[in-house]
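Trainee: Let chain R serve as the given structure and place chain B on it in line with the hints.
The primary structure of each chain is shown beneath.
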Amino acid sequence: MQFVRLSGTPSPRRRRAILSGALTLASLLAGCLNLDSFLFSDEALDSYSYDSYDGERECETYLAVAGPIDPSLIHEVTFPSGSETIYGEFLHTAAACDTGDTLILYCHGKSDHMDRYWPRTRLLYDAGFDSAAHPSRYPVLAFDYRGFGRSTGEPTEEGLYADGAAALLFIREHLGDPKVMVYTYSLGSLVGCKLAADDTEGRILRLMMEAPVGSVTAIVSDAAYLDIPGSMLSTYEGNNVERIKAVTAPYLWLHGTNDGTLAIETHGQPIWDNYAGPEGAAVVVKGAGHRDVPETISADFRGYQRIVASFIQGREQDDGVADLFTEFKP
Amino acid sequence: MKRAGARFFVMPAMAAALAALVSCTAVRQVRPMEPGENVVNLSLGGPMTKYAGDAFLPLPFLSLGYNRGLTRALDLEAGIDLTHTLFSNPKIDLGVNWRLQQPERWHPGITLSPRLHGVSDFKSAVRVYPALSMTWAWRATRSLWPYLGMENFFELQWKREDDQFQTHHWLIAPYAGLALCHGRWQYQLEVRVYTPNLDNDYGRAAENLGFGNHGILGFFLGVGRTFGRTRADTQPSE
Numbered sequence: 001m002q003f004v005r006l007s008g009t010p011s012p013r014r015r016r017a018i019l020s021g022a023l024t025l026a027s028l029l030a031g032c033l034n035l036d037s038f039l040f041s042d043e044a045l046d047s048y049s050y051d052s053y054d055g056e057r058e059c060e061t062y063l064a065v066a067g068p069i070d071p072s073l074i075h076e077v078t079f080p081s082g083s084e085t086i087y088g089e090f091l092h093t094a095a096a097c098d099t100g101d102t103l104i105l106y107c108h109g110k111s112d113h114m115d116r117y118w119p120r121t122r123l124l125y126d127a128g129f130d131s132a133a134h135p136s137r138y139p140v141l142a143f144d145y146r147g148f149g150r151s152t153g154e155p156t157e158e159g160l161y162a163d164g165a166a167a168l169l170f171i172r173e174h175l176g177d178p179k180v181m182v183y184t185y186s187l188g189s190l191v192g193c194k195l196a197a198d199d200t201e202g203r204i205l206r207l208m209m210e211a212p213v214g215s216v217t218a219i220v221s222d223a224a225y226l227d228i229p230g231s232m233l234s235t236y237e238g239n240n241v242e243r244i245k246a247v248t249a250p251y252l253w254l255h256g257t258n259d260g261t262l263a264i265e266t267h268g269q270p271i272w273d274n275y276a277g278p279e280g281a282a283v284v285v286k287g288a289g290h291r292d293v294p295e296t297i298s299a300d301f302r303g304y305q306r307i308v309a310s311f312i313q314g315r316e317q318d319d320g321v322a323d324l325f326t327e328f329k330p
Numbered sequence: 331m332k333r334a335g336a337r338f339f340v341m342p343a344m345a346a347a348l349a350a351l352v353s354c355t356a357v358r359q360v361r362p363m364e365p366g367e368n369v370v371n372l373s374l375g376g377p378m379t380k381y382a383g384d385a386f387l388p389l390p391f392l393s394l395g396y397n398r399g400l401t402r403a404l405d406l407e408a409g410i411d412l413t414h415t416l417f418s419n420p421k422i423d424l425g426v427n428w429r430l431q432q433p434e435r436w437h438p439g440i441t442l443s444p445r446l447h448g449v450s451d452f453k454s455a456v457r458v459y460p461a462l463s464m465t466w467a468w469r470a471t472r473s474l475w476p477y478l479g480m481e482n483f484f485e486l487q488w489k490r491e492d493d494q495f496q497t498h499h500w501l502i503a504p505y506a507g508l509a510l511c512h513g514r515w516q517y518q519l520e521v522r523v524y525t526p527n528l529d530n531d532y533g534r535a536a537e538n539l540g541f542g543n544h545g546i547l548g549f550f551l552g553v554g555r556t557f558g559r560t561r562a563d564t565q566p567s568e
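Read top to bottom, the protein sequences are chains R and B.
Residue numbering for the first sequence follows this note's numbering, starting at 1 and increasing by one per position.
Residue numbering for the second sequence follows this note's numbering, starting at 331 and increasing by one per position.
Since the hints were derived computationally from the structure, they do not count as laboratory data.
A hint or two may mislead.
Simulated restraints on C-beta separations [stated by the list, open to error]: (1) B:Y517 x R:E327: 33 to 43 Å; (2) B:D529 x R:E60: 19 to 29 Å; (3) B:M464 x R:S83: 57 to 67 Å.
Because the structure is a prediction, the values reported are computed rather than measured.
Glycine included, each C-beta is placed from N, C-alpha and C at the ideal position.
Extracted from the complex, chain R is given alone in its bound form (with noise of 0.2 Å):
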């Protein structure tokens, strides 16, 4: 093997095959990966734990303030999307629902699996319990995204919707066909926002959002201080800023104002800006984060509860519970 030593200024024959090295190595590497799985932290399970699980969760102390469940509520179900087999945690008393039930179809954020947001599942099974007297509760349906906990297959955007939709058509075949109300949080809001947008039916009664994704433009705008579009990493095109513009139910919308992760004013605002079906509430709160909302509303979770049941119930705009939200539309 020879080395020859480089010194010298190159020839015009060597710069030329240099450059052209260059550039036929930077057309083969360009593009030949995007970021688009990225945007998932899912993280896959052999089982899920409930209220067990010993991982990171969000509005943990919710657990400490309802106590353990009662394992005989908790119904593990899985569905078809695809070719994906899509598992979710029913909560109810029975099985599947009575005629006239109203279901709240759960869709989480990007991280992890179920287990993550057992505590906010709970929050919203419990969010129409009064008291002992009166335990009013809305059976619950969340599911893992494919790839995420149980859930076979890899995290797409298309994916995402197909597993939303399949979720939907489950509780029509096989929960009883009860009134859907969709809860999202954070990511699951494309999916909630997509569902309720494409909704000609008229199946979802109400659709409520708490700190939506604006755009995946917005996100990375947002990160990068600058006017760089979403498509430049990634494919992805989830807009829920122009998606509403669709959606006819009721909407509700919950956002902090210290959120680190999805801001409010590029994110939530202009979605509930651009709102304009019949009903809107907006829950704007002072000080809560990403993830704190239902416990900066109050620490025992009450003030959260109230504004998820009352909205559910369209008596938001009640005496005794209209001081819990920022604005109301029309």
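Mentor: Leaving out everything else, chain B in the frame of chain R:
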């Protein structure tokens, strides 16, 4: 029971690096160049970001840079960010280093560097950002060049792609470094603080290491190789 580790939340982290497109620039050419001298350098580093577990690590941006001495006071500079190119948005920069003052004893060399940074997604979006930096470099020994300076980066758009108002138009990044020049090789370590005047904790999905909740700390390592005539060829050794 967990079955696999968590994915990395890299997309906002990459965007955070775009925060200071200067972050993706190859380390700067500190030592004055001779006319006809060529330097090719490779640098690795980026903003300290939490993208793999709980530790803050420099994002691994790999950049290739080229400098050519035009006169003793002016050299041409071009660079391409290979990591961004790999991830579908090639970023190039082009500029000059205008050596306003040559270093002499303890008087620093002063270099003004106007640049244009261009980034594209290979599809429809193209962004061009002007930048201006000023560097003070001392020749501490025959081979050691400590330096410091400030990069100024300008966003000219008034509205963002998502129709929100663009609130930041002037981004700054002070830096300090050490260049070791040995024969035809030069090695460099540089520390930058991106946007020390801006909150790094609000509305940004990426988690960066800064000072309190301001600024983003970045580290870079660089290695360069000189081709063609060098200062050593044209000046007697001291």
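Trainee: Take the hints in turn and mark each one as holding or not.
Mentor: Checked hints:
no. : hint                        : in the structure
1   : B:Y517 x R:E327: 33 to 43 Å : 59 Å, violated
2   : B:D529 x R:E60: 19 to 29 Å  : 27 Å, holds
3   : B:M464 x R:S83: 57 to 67 Å  : 58 Å, holds
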